[in-house]
Amino acid sequence: MSETDTRTTEETETARRPGRRRGREDGKFGRYGGQYVPEALMPAIEELTDAYERYVLDNEDGFVDEFRERLAEFGGRPTPLQRADRLSERYETEVYLKREDLLHGGAHKLNNALGQVLLAKYMGKERIIAETGAGQHGTATAMAAAHLDMPCTIYMGERDINRQRPNVFRMKLNGSEVKPVTTGRGTLKEAISETMRDWAETVEDTHYVIGSIVGPHPFPVMVRDFQAVISEEAREQAIEKTGGVPTDVVACAGGGSNTMGTFAEFVDDESVALHAVEAGGSTLEVDEEAGVAPNSASLFAGDEGVLHGARTKLLQDSDGQIMESHSVSSGLDYAGVGPELAYLVDEGRVDPVAVDDDAALEGFHRLSSTEGIIPALETAHAFGFLEKHHEKLGERVVVNVSGRGDKDLDAAIEETDKRDVDGAPDMSMFTGGM
Amino acid sequence: MSETDTRTTEETETARRPGRRRGREDGKFGRYGGQYVPEALMPAIEELTDAYERYVLDNEDGFVDEFRERLAEFGGRPTPLQRADRLSERYETEVYLKREDLLHGGAHKLNNALGQVLLAKYMGKERIIAETGAGQHGTATAMAAAHLDMPCTIYMGERDINRQRPNVFRMKLNGSEVKPVTTGRGTLKEAISETMRDWAETVEDTHYVIGSIVGPHPFPVMVRDFQAVISEEAREQAIEKTGGVPTDVVACAGGGSNTMGTFAEFVDDESVALHAVEAGGSTLEVDEEAGVAPNSASLFAGDEGVLHGARTKLLQDSDGQIMESHSVSSGLDYAGVGPELAYLVDEGRVDPVAVDDDAALEGFHRLSSTEGIIPALETAHAFGFLEKHHEKLGERVVVNVSGRGDKDLDAAIEETDKRDVDGAPDMSMFTGGM
Amino acid sequence: MANADALDAAFADGPAYVPYLVVGDPDDESSKAYVEALDRGGADVIELGLPFSEPIAEGSTIQEALVRSLDAGMTPDRFFAFAEDLEVDAALVCMTYYNLIYQYGGSEARSASDASAGPRPFVERAAAAGIRGLVVPDLPAEEAEPLREACDEFGLDLIFIVAPTTRGDRLDRMMANVSGYVYVQARLGTTGARDDVSDQTTASLDRLGEYDVPKAVGFGISTGDHAERIVAGGADGIIVGSALVDVVAEGVAAELSTAEVADRLEALSRELKAGAERGHRSRTETVESA
Amino acid sequence: MANADALDAAFADGPAYVPYLVVGDPDDESSKAYVEALDRGGADVIELGLPFSEPIAEGSTIQEALVRSLDAGMTPDRFFAFAEDLEVDAALVCMTYYNLIYQYGGSEARSASDASAGPRPFVERAAAAGIRGLVVPDLPAEEAEPLREACDEFGLDLIFIVAPTTRGDRLDRMMANVSGYVYVQARLGTTGARDDVSDQTTASLDRLGEYDVPKAVGFGISTGDHAERIVAGGADGIIVGSALVDVVAEGVAAELSTAEVADRLEALSRELKAGAERGHRSRTETVESA
Ligand SMILES: Cc1ncc(COP(=O)(O)O)c(C=O)c1O
Ligand SMILES: Cc1ncc(COP(=O)(O)O)c(C=O)c1O
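Residue numbers (this note's numbering), protein chains in the order written: chain X, 10 to 443; chain B, 10 to 443; chain Z, 124 to 413; chain L, 124 to 413.
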C-alpha cells in the first residue's frame, strides 16, 4: 500500500521535473539516441517500447510494485548512504557514499537486470539473452533469471571468458548457459553482435537484456528508469541526513547506467553539479594507425557517431571505425556511452572528467585502506576524481560506489605490481597470480 | 531519536524474555561457559566484561546507538527477509531467507567485528588483533578496523594463507597486517594460540576480537548480543510479512555466531523450532587413532570439555586431545562450538543436525540455480538440511543465508568435480583451477 | 569505371541475380578478381560490402569476412578506389553501416550543428566512384531522411531491407523512401547460408505485392534450386551473400589460388543465375497456363 | 618411583631451582635422560609438561616442544608411566591444561551429571605415579574447586600462577587455594626466554610479601645472572622452562646425541642453581648488613 502511495507522489514529482521524462516520447536526447537497428529487430523494439510504456511508465498489472518489492527483498534495497568519515576529513568536505556495492551481486547492475527480466516475464517472453564483457552484467542477469525462473543464455567473448573465470562460474552456477563467442577478437564487441544475431532470430519469444543505457530506444530510457532508484534513494537520504540536496554528485561512466542512475533524480536540481568520471586509461592520446584508444573516455574525447543502435559519442577513427578502447577496469572498457549522457554533456549539465589508470588504482587503495570498502576498479575512478578535483567541489558530495572489488582482486594485484601506487600495501608475496 | 525509543522497548522486551539475558551475569550456560584462561589474561577479560556491561548492556555514551547506526550505514542493515519462491514450491512450505549474505563483506561476521572494534575504541584501546581460519572473520575485522581507523593485526596459519589468498589480499587492502603463523600445522588452532599469545603481552592497549560465540566470558554473550540483530530483524520482518513468528528457524553452525544470532530472539518463542546445522563432513565416524574427526559436528557428535577458554562440547579423543576437524566449508571447520548452543542442545531447545559435504554441495547448487543466490559453503549446509528434513518442518521456515559464496568458487569447482552432484552445471572446462 | 546503368534496368528483363562480396576479402587484388568473376557469372547488380568494425546485422560468415578485410587495411577511400577500378557490367551497390557513411569527410561535417550534414560527402564520393545505390542495414526509414536527400541529390538509389515482421505503418514508410529495389529478408535472423526456403518469404512477397518496386529476396540462398523456388514464388531477383563469402573463406582456409576461387565463384554464380531463370520461366508458364 | 618429599620441603633450605621440560620431547627415552640431567644439575622440583593440543598459554618454544612430543605419541598414560620410571631426587609436578585432567578416566566421569566428577581420576593416577603437585595454566581459581578437592583427597599441591596484573580479590582467592608454591609470572606475555629481568617481578614479589607460601618466579629466566638477580630480589625459587627446552630443540635441530644434550642441560642447570644461590647469599648478606 505504501508503495502505491509513494508511486503516486513520485508521478506528480516527475511531472514537475522534466529531466526524469527526457527521451521517453521518442528516444531522442537532442541529436542523440534513436533506433539504428536492423529492420528485423524493429518489431521487437516496438513491442518492447509498448511494454515499457505500459508496465514501467503506467505500472500496468502492478509491474512497478512488484519490481520495487523484488529489488528490496531479493536485491537488498534501499542501499545505505554512508558518511565517509576519513575521506570527509581528508578533503575537508562532507563525503557521502551511495553503497550500490551492497546490492545483491555486488554492483548496481542488478537494478536493471531484474527490471528487464521481470518485464520480459510480463511480456510473456520465455527466454533471456544478454551480452557481457567483464561479466558483471552477465552475472546480474543470470541471478535475475534464476530468481524469476527464466532460461538464460549469456554471450561472452572467448578472451573475456578466460580473463573473468569467476564471473563465468557464477553465471553457470545460476543456471545460465554461457556461450563463448569466438568470432573476431573475442571480446565485448563481438559478444554484442552475437547477442543481436541471436535476438534477430528469436525475437518472438526472447528478450535481450542490454546492460547499460546504450542501444536503441527504448533501452536508454528504460535502463535509466530502472537504475534511477539509486538517485531516488540518494536524494531522499541526503535530504534526510544533511538537510538538503548535495552540492556535487559523482559517478564513474562506462556505458553510463550507474552514472545516469545516480544523476537522474538530480538532473532537475540545478544547484547540483554532476560529475561523470570516465576511464582515462594510460593516456588520452589516440593511436589512429592501430585503431586503438588507450582509454575509454567517449564523453571527454569521443565524437558523434552511430553505434549499437544509437547515435551518441564514440571513440572512432576518422573513417568511423570503432576503436578498441582500454581501461584497467574492464567494466568501463567500452567505446561508446549512453546517448542521454552525451546530450547532458553537450548541454553543459554534466561535467565529463577522465581519470587515468594510475589515479584509479590509487583511489582503489585509498578507499580500501581508509574506509574499509574495497571498490570495483570501475568505481575506483570516482575516487581518483575526488583526490584530484576535491578543491573545486562544494560542501556536500555524494559518490556512487557502483560495485565492490572482489571480482578485481587478481587484476588489482597485477596492476599494482606494475606501478608504484601511493598507499598500496606490499603485495609482493602475491605477485605472479593467486 | 527513534533508535533510543526502540532500545527502551527492547529492554522491556528483554526483561520479559529470559533467553536474551542468558549468561550475561556470570558467563555460565548451565554447566557450559566460564573463563578458562591464563591468569595473565584475566585482567583484560575483567576489563572487557566491565566494558561490555557498561557500553553494550547499558548503552553508556550512546555506544549501542552508534553501533546500530554504523551497522546500518556501513554494514547495510537491515538485511531483507526474502521469500524463496522456488524453494517454497519445492518443499510445499513457506521458505524465507534472511539475507546476511548482503551484509558488507559478504557474511554475518561484520555484525560482531564492527561491534567489537567499536567497543575497543570506547575502551580506549589502540590496537586490534584477531585470528582467522578461512579468512571471513579476518576480513570483517579488517574492514571494521579500517572503517574505525584502528591499526589491526590478523593472525592466520600459513597453510590457510595459501588456501585463502583472496581473503588475505582483502585484509591487506584494508590496511591490516596479516601475520603468518608457522607453528604446528599452520591452521586456525595455531592462529588462535598465536593471537592469545600476542594478547597476553599487549592486553593493556590491545583488544582481541574473537570471531564467534566461543572463548571465555564475556565473548560468548557479547558476540551473541552483537549478532542478535539478525533475529531481532528477522522476527519483526516475519511477523510483518507473514503475520506471525515462523514455525522453524534454520542456521548453519561452526562456532555458532550466526546460529545464535539467528536464534537469539526466538529462543523464548517456544513454538519456534530451532535447527542448528553442523558440518557432517565426509562421515560422522571418528578416527581415534589419527586424532581426526572427518566432520565438525561438535553439537551432534562431540562431548564436554574445555577449549579456548570455555567449557563446551568438543571433538576430542578419549585423552582429551582436540581432534582435527574437517568440512568442505572451512568456516565450519572448528572442533568446538559456543557454550550457549551446547546448553540449548542439552536442554532440548535446539535441534542439532549434521549435514554432510555431499548434501551441502547439492544445497549450494540448488540455491544458486533456483534462487539466483550463490551461498557460502557454510550456509549451503542449511539448504542441505532443508532438502533432507523438509517434511518435518512447519509451514513457515526462516533460513539464515549467513554468507555469499564468492569466496568459495574455487573450492566449489574442485569439490563438485570430485563428485556427482545433483543439479550441478557442467564445469569441466574449469577443473584444474581457475 | 563501373557500369553506369540505373538499378531499375538490372531488373528490367528477367530475374536479377544480385551477389554480395566483402571488398578487400582477403586482399584487394584477389577481391577484384572475385567481383569480376561474379560479373562473368551473370550478376545484374553487385553488392559490395564496405566493412564496419561492429556489423550487428551479419551472421558469422560475413562478419569474419569483414574482419579479414579490415585486417588487410580496408578503408572507405580504398573501397571507392576499388570500385572505380572494377571492370564489370553489373550495377554496383554499396552495403555498409551508417556510421561509416556519417563520418566520411571528416570532423567538419560531423561537428556541424546541423546533424544532416553527415552523409552527403560519402554519397558524393560514392556517386563519383560509380556506385548506383546503398544498402544500410542499421538505418531504419525513420532515421533515413538526411541520407535519402543526399542520394536524391547525387542520383543514387536507397535500398531498404524488409523483414518478415515488417508490416503496416513501418512498411508504408519504408516503401515511400525506397528506390532501386527492396531487399526482402527471407527469414528472421541475420545473414547466413541455409538449406531451405522459408514460408516467410512467400508471405513477405504477398505483402509487398501492391508496391511497384522490384523485390529481391536474400538471406540464406545458396543453390540454384533455392534460387529457382524463390523466383518461382514471385521474387524479381535473388540476393546471395554468405554462400559466396563461404567460397572465399574456403579459399583462404585451403590456401587456394585466386584463379581457382574466382572460377568457383563464377561457377556458383552461373548455377544461381540459371536457377533464377528457371524459376522465372516456371512462373511465366504458370501465369500463362492460368 | 619419584621422590616422595612434599613440595614445601624443596623450598625449605635455600632457593629452589625448578626446571621445566616437556615429557616425551623428542622421544621418551631421550626425555628421561634429560629430566634426570636436570636432577643431577640440582633441581629441587621438576615441572613435567604433559602436552595438550591447544596450549594457549605457551610461547612458541614450548609449543613446538609440545608438538614434538605429541607427534611422538605422548598420552596421559604414557606420561604417568614415564613419571613412575624416573629416577630423580627432585619433587615432581605435572604441568598441563585442564581438558586433559578433566577427560582422564573416560566418558563415565565426563558424562556424570555432577560436573565435578571430572578431575578425580587424573589426580588419583598422578598421585600413584609420584606426582606431588599440578600447575594448570588455563584453570583460574574461580573454576578450580573440583580439582582442589581431588588434590586434597590425594595429597597433591595445586599451584597457581600469579600474573603481574593479578591483585585484589583475585589474588586473595588464588592465595586461599594455592599450596606448594606460587608461580610468579615475571612479566606479561607467554613463556619464552628473555634477556632482562622485569620490574614487574619486583612489584609482584612485593605484592605477595604478606602471603606465607614460597614464591617461585618464572617466565623468561635463562642464565645464572638472571637467576641471581631474581632471587636477590626476593624470590624463593626460580622456574626455568624455555631456556631448557631451547637446549632440547637445538639438540633436535643439530641432531646431537642424547648424552650431549643431557650434558648441556646439566651444565645449564648448575649455572642456574649457582646463580640462585648467589642471589640468596647476597640477599642474606643485605639483610644481615641492614
Ligand atoms: C561496478 C561497475 N561500475 C560501473 C560499470 C560501468 O557500467 P555503467 O557505466 O553502465 O554503469 C560496471 C560495468 O561492468 C561495473 O561493473
Ligand atoms: C558464511 C559463514 N557462515 C557461517 C560461518 C560459521 O561461523 P559461525 O558458526 O560462528 O556463524 C562462517 C565462518 O567463517 C561463515 O563465513
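In case anyone wonders, no lab produced these hints; they're calculated from the structure. The beta carbon of each residue, even a glycine, is placed where N, CA and C say it ideally should be. Please note that the accuracy of each hint is not assured.
To be verified - Some but not every residue of chain L turned toward chain B, in silico, with C-beta under 8 Å:
1) Phe175
2) Ser176
3) Asn222
4) Thr289
5) Thr325
6) Asp329
7) Gly332
Cross-check of the supplied hints:
Residue-level restraint check for Phe175 of chain L holds (minimum Cβ-Cβ distance to chain B is 7 Å; threshold 8 Å). Hint status for Ser176 of chain L relative to chain B: holds, with the closest Cβ pair at about 5 Å, below 8 Å. The criterion of a C-beta within 8 Å of any C-beta in chain B is met by Asn222 of chain L, whose closest approach is roughly 4 Å, and the hint holds. Given hint, Thr289 of chain L at the interface with chain B, holds; its Cβ is 6 Å from that chain's nearest Cβ, closer than 8 Å.
Given the 8 Å rule on beta carbons, the hint for Thr325 of chain L is violated: about 17 Å separates it from the nearest Cβ of chain B. With its C-beta approaching chain B no nearer than about 18 Å, Asp329 of chain L sits outside the 8 Å limit, and its interface hint is violated. Annotation: interface hint on Gly332 of chain L violated; nearest CB of chain B at approximately 19 Å, more than 8 Å.
The structure fails to meet hints 5, 6, 7 from the earlier list, while all remaining hints are met.
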